[in-house]
Structures are given as C-alpha cells and as structure tokens.
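*Asks:* Please build the complex by placing chain B on the supplied structure of chain A, with the hints as guidance.
Protein sequences, first through last, are from chains A and B.
Each residue of the first sequence is one higher than the last, beginning at 0 in numbering that gives the first Met the number 0.
Each residue of the second sequence is one higher than the last, beginning at 0 in numbering that gives the first Met the number 0.
Derived by calculation from the structure, the hints in this document are not laboratory data.
Any given hint could be a false lead.
Stated by the list, open to error - Okay, derived cross-link-like pairs now, BS3-like style, lysine-lysine, Cα gap no bigger than 30 Å in a straight line: (1) A/Lys267 / B/Lys233; (2) A/Lys255 / B/Lys191; (3) A/Lys255 / B/Lys220.
What the hints assert, rightly or not - Heads up, incomplete: computed chain B residues facing chain A, CB under 7 Å, no partners named: (4) Gly180; (5) Thr183; (6) Ser219; (7) Met238; (8) Gly247; (9) Ser256.
Stated by the list, open to error - Computed spacing ranges between beta-carbons, pair by pair: (10) B/Pro269 / A/Val596: 20 to 28 Å; (11) A/Gly24 / B/Pro269: 49 to 57 Å; (12) B/Asp204 / A/Gly110: 20 to 28 Å; (13) B/Arg203 / A/Thr534: 32 to 40 Å; (14) A/Glu538 / B/Ala4: 43 to 51 Å; (15) A/Leu562 / B/Arg203: 35 to 43 Å; (16) B/Glu21 / A/Arg589: 46 to 54 Å; (17) B/Ala4 / A/Gly248: 30 to 38 Å; (18) A/Phe90 / B/Gly255: 29 to 37 Å; (19) B/Lys220 / A/Val596: 17 to 25 Å; (20) A/Glu536 / B/Ile194: 39 to 47 Å; (21) B/Asp258 / A/Asp542: 14 to 22 Å; (22) B/Arg207 / A/Asp552: 22 to 30 Å.
Keep in mind it's a predicted model, so treat the numbers as computed, not measured.
Cβ atoms here follow ideal geometry from the backbone N, Cα and C, with glycine treated the same way.
Next come the chains, spelled out residue by residue.
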Amino acid sequence: MSELEPVIGIDLGTTNSVVATVRDGVPRVIPNRGGLLLTPSIVAVAKNGKRLVGALAKRQAITNAENTVFAAKRLIGRRWGSKEVEDARQFLPYQLVAGPEGNDVRVQLGGRTVSIPEISAVVLAELKADAEAWFGRPVRKAVVTVPAYFNDGQRQSTKDAGRIAGLEVLRIINEPTSAALAYGFGKQMEKKVVVFDLGGGTFDVSILDIGKSVYDVVGVGGDTYLGGEDFDRRIMDWLTFAFAKENGGVDLRQDKMALQRLKDASEKSKCDLSTAPSTAIHLPFLVSGGEGKGALHLDKQLTREKLEELTKDLVERCIAVTDKTLRDAGLRAAQVGEVILVGGMTRMPRVARAVRDYFGREPSRGVHPDEVVALGAAIQAHALVAPQPKGEEVLLLDVTPQNLGLMVVGGYFNTVIPRNTTVPTSQTHLFTTVQDNQTSVRIAVLQGESEKAIENELLGEFILDGIRPGRRGDVSIEVTFAISADGIVGVSARDVATGAEQSITVTATSGLTEDELKRILDEQRDELLERKQTTREFELRRDRAMALVREIDGLRPAVESALEKSRFGKDAIQKAETVIARVRQAIAARDAGAIEVEEEQLDRTLQLFRALAAGGPMPAGG
Amino acid sequence: MSDLAEIIDRGVRAYVTGRIPEALAAFQQALALDPQNAKARGYLVRIQSTHPGAATAPTSFHGRVPLPDVAHPEPPAPTLKPFDVSTPVEELAHAHAAAGDGHAHHHEEDFAPSPWDEGPAAGATIVLSDEGAGAGIDLSAVSEKSDLRPLVPEGQAPVLRGPPTDVDLWLKAAKELFALGDFTGSLELIEKILIVDPDHGEARDYLRQNEATLVSMYESKLGPLHAVPRLAIKPEEVMWLNLDHRAGFLLAQIDGSVDYEGLFAVSGLPRLDTARILANLIADGVIRS
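Here chain A stands alone, though its shape is the one from the complex:
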C-alpha cells in the first residue's frame, strides 16, 4: 500500500453517483456505508426534520416530494430563466427560485433557500465520507466528472460544490473521456470511440477521437429527458392501469405511499429483467381498500418481452439520437472503432441489442456500465498525484466544451474558438465597425452552440472606445480570445490603427459570489465544530445517564423484594420506569439538554432505590 494521500474519482450523476479509487494499481469502486456501489444523487429534509442523502432520501422522494431535491445536475450552473431551467420547472416537484442577483437558480428545501452547488455538495460530502470510512483516513482530493456538453459555468459550479464538500477538485473531466480511460483506451491505439451513456435521467452520446493518448471529444449529442426513469414510468403506468382494472378503478396515483412503492418495485423489476426472463411484482397491503375493507394487494408478473414492448419507442429514440449525433459529426457507424456502454440502463438486453444492431459490432463489455465513469475518474486522479512510469502516462488534454465567440451585427454568434479546441489556446479574428464614424463597440463574449447570440451563455461584456472615426467597414478591430490551462478566458479588443485596447478576463462563475461561498464554508466549519461539541456533550451525558440506569436496574430485584414487605413506595418501580423511558427517548433523540433534565430524576431514583434496597427509610422527596 502506497503512502500517498488517498485520492478519489467521482461520477456525480443526475440520478446516481459513484466514488472510486486506485488501490495497489487497481481501480475499484468504493461501496457506500450501506454496502451499495451506487448512491442516489438525492438530498431531502424528511418530514421529521432529518436531513437525508442517498438511498434514504430516495425512499421518501414521492411521499415528501416538495422537500426532496433530485436531478440537481440539470440545474447546476444554469441561469434563472434559461430554457433548461424553465423546462425543469415543469416537472420538478420542489420549488425553484431565483438567486439574490436574479441570475442563478436556488431551491427551497426544509424552509431554507439553498444554492444548487450546496445541494451537489451534500452528495459529494456523502461520497467523501464513504471513501473516508473505507480508507480509514481523511480524503481531500478528487477528480469529478461532468457531461461533455457542460459549459464553463456548470463546470465551475461543480468545482464549487466540491469545495463546499471539503474537496479539492484536482480536475473536472468529461464523462465519456473518463469512460474511455477506464477501458484503457488511448494506449497504443488510434480510433474513434462512441460512448453510449443511458443513465437514470439523461442520455448522452459522445464521439471520441483517441490517438496517441489524446482524447478528443469530436461530437456530442443526446436527450436530456430520456433515461431509466422513463422506463420505470412505463412499468408504473402498466401496473397502475392493471390494478385499477382489477380493483374497481382504484387509482394508485392518488396515494403517495402506494406510488412510492410502485416506483421502487418498477425500478427493481426492470433491473431483475436484465438477467431473468420474468419477475414477480408483489406489493402486499398497497392501498386502503376503503371504509371497513382490508388493504389491497398488487400481484403481477412482468416478462422481459412485455417490458420490451412497453419501452420499444424509448429504445428507438436512443438509436435515433445516436444516428443524428454520428451524422452531425460526419461519421458512419461502420467507421466507429469501439462502442462503450455506460449507465445502468445499458444492461437492459434490448438496449444492448439495439446498439449492436446499429453499429454492427458488439459493444465493449469489460467494465461495469454503472462504474465505468467513476473508475476512469479514479485513474485520472491517481495519475495526477502518483508518478507514472515513463511511456505509461495518461495524458488527458482539457478541451473547450463549447464554442467561444462574440455577438456580431444582427444578433448572431460568431465563433472565435471552436469547441473541442485543446487548451491552452489563443485565437485572433478581425472585425470591423457597422456605422460610419463609430467610435466605440460593444464586445459581448458568449459560449454555446447556437447561431443566435441570445441562445448562448453570456460570459461577460465590455466596451472598446477610442476607435478611429472612419467609414463603416474601414476600421479594423482585432479581437483575441485566449484560454489559459486553468480555463480562464481572456478577451481583448484592439483598434489596429490607434492601438486603443480594452480587455476582459472571464472567470466562470457558479452564480455563487466569493462572499457567499466564503459564508457557506464558514457556516459549515461552525456547524462541524458545533456538531463535534454537541456530540461530545451528548456522549458524556449519555454515558453518565446510562451508568445511572444500569445501577438502578441492578438494584431493581432488591427494591422489588423490599416493596413487597412495605406499605409505602409501591409506585417506586413504575416511577423509575417512567424516568428511564424518558431518558432512553432523550438518548434516541440525541438531545443532550433533555438528558441533563432527566439526570436529576435518575439521581433521585437511584437514591430512593439504594435506600429501599438497603431496607432503610426513604429519602425526602423520593
């Protein structure tokens, strides 16, 4: 075992997240403290006020929908009012609000307004804690993956989430690149690889051009509202209608508890059918049978064939999106050297078959599709902190995720640095004025894929004045875009004739200001300190109270015997039981204050018991 500080790779997914590491040269997934390899990316405040993360949060996602945040990845780094946020608002049951500056998205959770990076940070912190439990020591550094189409703002937000979670994010890497890394592609190979990633909530297709250890994402496509949950919903609908038919029209959708169980069972049956030809869905006491009647059961057999029939169009959509992505990239299926399956849904035999039929080749199957992205991230994390043997370095180049450019006349977007350009890079373009004697121009720096400027992300803007007056078209303005290795974008504009120059540095922002981030980090530090102090105080009081309880319990037989011969103090045992029950309740609630209150009663009970056991007079007030 190396003495290096442990580093982890995290696949922060829309639906599930996975953490992995490299140990003794072997990449492996770290199970969470519940023993599972996948942690649902869900954060909730339960109805009893408890904060829940992961599997527990998922179990009450329907019954407590307004206080359960899922799919935060759809919102991270997005602007308030953007199309993606408006789309998300249509289907998310929790409440979204604008940030204080009105430009980013916040959620209402448990009566608080919380930023999206804070939500993601809760998931990251959970994974960090799982890793620390596994390593038995602190973990501070991680590589985190994001979709290839994430812009700089979304990447920065993810980094901020890591910072809030107490992680130094060594690098943000693209999910398809990470998957390719896990397969060891890039060593001694030059080929085009398609990463077919059908996750819980989104479908992404990426085309990688791998050559001499350089991973170039040459094409990205997908459907951000197509994933495993759509397959689950088909099963749920099928079960709901069948149940209504068999039970006089009882609609399970009207009962949140029933719906929660239906959702869980649908997902489980879907997974079962990846390996078995049929599965039984058995949900006893699912819903009330009505006044004076017993609860109703659901019993149904689902076959793989039926599931394929129910989800046929979804699989076809995946293939149609894949086809479009390849066409956009000017590629034919036959030119693809490898196909990597990523995401739990690709374990569905029908999906794997459809991919094979489309590409005319068997997809790579060496690595588990749920784990492959996290494993790649772990490999990259390890490569960044551990010296690699010569010739075996995994060279991962950062590329620009989207086109960078500026707004030109007519509201169009003019690309200066195309997407997938390896950074650091610098490009210069010449522009001219639109009016006669124009002395100033507005430079709006944008990032995105649309031809219309307004549909792209505005990174920043500035005015260049002091331009030489001249006829329109005669003035030359040189605009230079430069991206540093850290992803910082610098844009400068210069009047070639006068030399007048203006520039702007664009640092991607998550919507959280530095002050806000500092406040969140301070609050977390305070909370951690408080929790530590509270824990210490609670443990002290609990131990003291339990010592008293044990002593009281030990005296009980003698007290019972003494009371049999006495006319007084008959209620002593009952009173003691009441006090002990209250103490246990306070301990269960981890309420140090309540334990303190009960401690005096315990003391008095103990004194009374001692007196009774010794056969002496009862103490005053006992």
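*Replies:* Positioned in the frame of chain A, the structure of chain B alone reads:
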C-alpha cells in the same frame, strides 16, 4: 368489539357525569364481554375506591373476575399546572382528609406546591359583579368616581354556566383515562376535542403529554433506535397478516438496511403512528431488531 367500545364509552360518560350506578353496570357488562379489558377494570377499581357503596352492587364482578388491588398506584397525571382547577372542591377536601387519615409518612409531591415557593405573591384576583349590591361595594357609585369598571358591560345578560358540553365531557373523560394510564383512549378523546375546537389549550397540553408518553412506550418496545429491524417471517407469509396500507408501506421499507431512525424519517407519518405500527409489528412477531 365495537359493541364493547360503545359500552365502555357509555360507562365513561356515565362516570364523568356522576351517574355511578350506570357507569358501574356498563363496566361490568364490558368485563363480561372482555374479562381482561384494562379500561373497564381500571374504571371499576376507581369506582370502588371513590364510591365504596357502588362497588357492592348486585352485579358485582368480584366473584368472577379478579380485580387488581385497589391500593395499586395511579399513573401520574400530567404536570400541566400546580393543581387541577377542574377538580371539585369536595373531592379536594376528601382527598386531603384521606391523606391525613393515619398516614404519617408523606412525599413532597403528594401536595400542591406552596405559592411561596414560586416567587413573590401576585395580588389577589377580585371578580367584580353587579349582583348583591348593598352586600359589598356599591359599584355604580364607585364607577362614576374612579376607573373601576365591571367586567361585564351593563345591559348584557350574565353568562350562565349551562350543562356540560361534549367537549367538557370528553376532556374530563380524557383526563380520567390519562390518570388510568389509558393514553390511547385519552388521545382519541383529545383528538375529538381538537376537531371541534382546534385551539383548545388544555386539550393541546394533554395531546402533547399523551403523544410523548405513547411514543416513549412504543419506542421502548423497539429497543435501540439505531438497530436495524428485519423481517421475522417468510416474505410470502406477509400477505396473510392483517395490516393496513400504512403498515404495509413501513413493512416494505424493512429490508435489513434501514434502522429505526431511518424508518421514522422515511415513513412520512407522525412519529407516534410510526412507533405504534413498528411496536405492533414487533409484538406480532412480524419483525425483529
């Protein structure tokens, strides 16, 4: 069982409105149906201790059903107030006389706390009334010369205390049940009161007390709350149980990975309901810690 509940309900109503023979008959009838019924037995004990003559009614059950020792201590009443203002003065006097009857040894908590123990005394409350003019202060004369005003505006009919309302009866019954240790029965009545009068302060106090006591009782049956419960029967046997859909939901969450605290969080039900369902599942041998 609904007949039994009705009979007990009738008995409780009779008891709290002072119709002791009727109450006695109802509880004895209840015991005939269910000899182990704790509520009926508890009331009979109480009637025996407070109305010794009534207990010798011709239909006495002493011959058939052994009753618990009348000296069995009552569960402590909620310590909501220094003393219960609704207790009739006669009963208090009776209780004080009984307390002094040959018992030289008293505990401090047997007595209401001294007002001197609670800090400086407040001024005595004076209730002013127009009635009985001439016997005391002449209010009409005083009111012209000072700020002293009657509490009831002139011309308005004084509020007469009518017969006890359902809420009064339920509250009294709820207190009785609480004192008898029947917290579930007490809670049911309190909930009835709060449906009629959601802001009833005393009912709310009793609601809290009942709930806290019941939660504590049920949780004590679960054991440590960080323990992970597991199914104690075969999965295929579950459907032969008699559960409601809420218990069905909770049972579905018990898969060997979630502890009791987790179940309280994911159930979405009030803590009392969750604790009650889990305690019942343990009692029925459906789950084990």
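*Asks:* Given the hint of 32 to 40 Å, is the C-beta distance from B/Arg203 to A/Thr534 inside that range or not?
*Replies:* Check passed, 33 Å falls within 32 to 40 Å.
*Asks:* Is the distance from the Cβ of B/Pro269 to the Cβ of A/Val596 consistent with 20 to 28 Å?
*Replies:* Cβ of B/Pro269 to Cβ of A/Val596: about 24 Å, so the range 20 to 28 Å holds.
*Asks:* Taking 35 to 43 Å as the hint, is the beta-carbon distance of A/Leu562 and B/Arg203 inside that range?
*Replies:* holds (36 Å)
*Asks:* Within 30 to 38 Å or not, the Cβ separation of B/Ala4 and A/Gly248?
*Replies:* For A/Gly248 against B/Ala4, whose Cβ atoms are near 33 Å apart, the range 30 to 38 Å holds.
*Asks:* Return the status of the interface hint for B/Thr183: holds when the least beta-carbon distance to chain A is below 7 Å, violated otherwise.
*Replies:* Violated, about 16 Å.
*Asks:* Compare the distance between the alpha carbons of A/Lys255 and B/Lys191 with 30 Å, and conclude whether the hinted pair is satisfied.
*Replies:* Satisfied, since the Cα-Cα distance of roughly 26 Å is no more than 30 Å.
*Asks:* Honestly, do A/Gly24 and B/Pro269 meet the 49 to 57 Å range at C-beta?
*Replies:* Check passed, 53 Å falls within 49 to 57 Å.
*Asks:* For the pair supplied as a hint, A/Lys255 and B/Lys220, confirm whether the alpha-carbon distance does not exceed 30 Å.
*Replies:* holds (28 Å)
*Asks:* I want to verify a distance hint. Is the separation of the beta carbons of A/Phe90 and B/Gly255 within 29 to 37 Å?
*Replies:* Given range 29 to 37 Å: holds, Cβ gap about 33 Å.
*Asks:* Do the numbers back the hint for B/Met238, that is, is its least Cβ distance to chain A under 7 Å?
*Replies:* holds (4 Å)
*Asks:* So, as I understand it, the hint says B/Ser256 touches chain A; can you test that by seeing if any CB pair is closer than 7 Å?
*Replies:* holds (6 Å)
*Asks:* Using the nearest Cβ pair, does B/Ser219 come within less than 7 Å of chain A?
*Replies:* With a minimum Cβ separation of about 5 Å from chain A (threshold 7 Å), the hint on B/Ser219 holds.
Consistency with the previously given hints fails for numbers 4, 5, ordered from lowest to highest.
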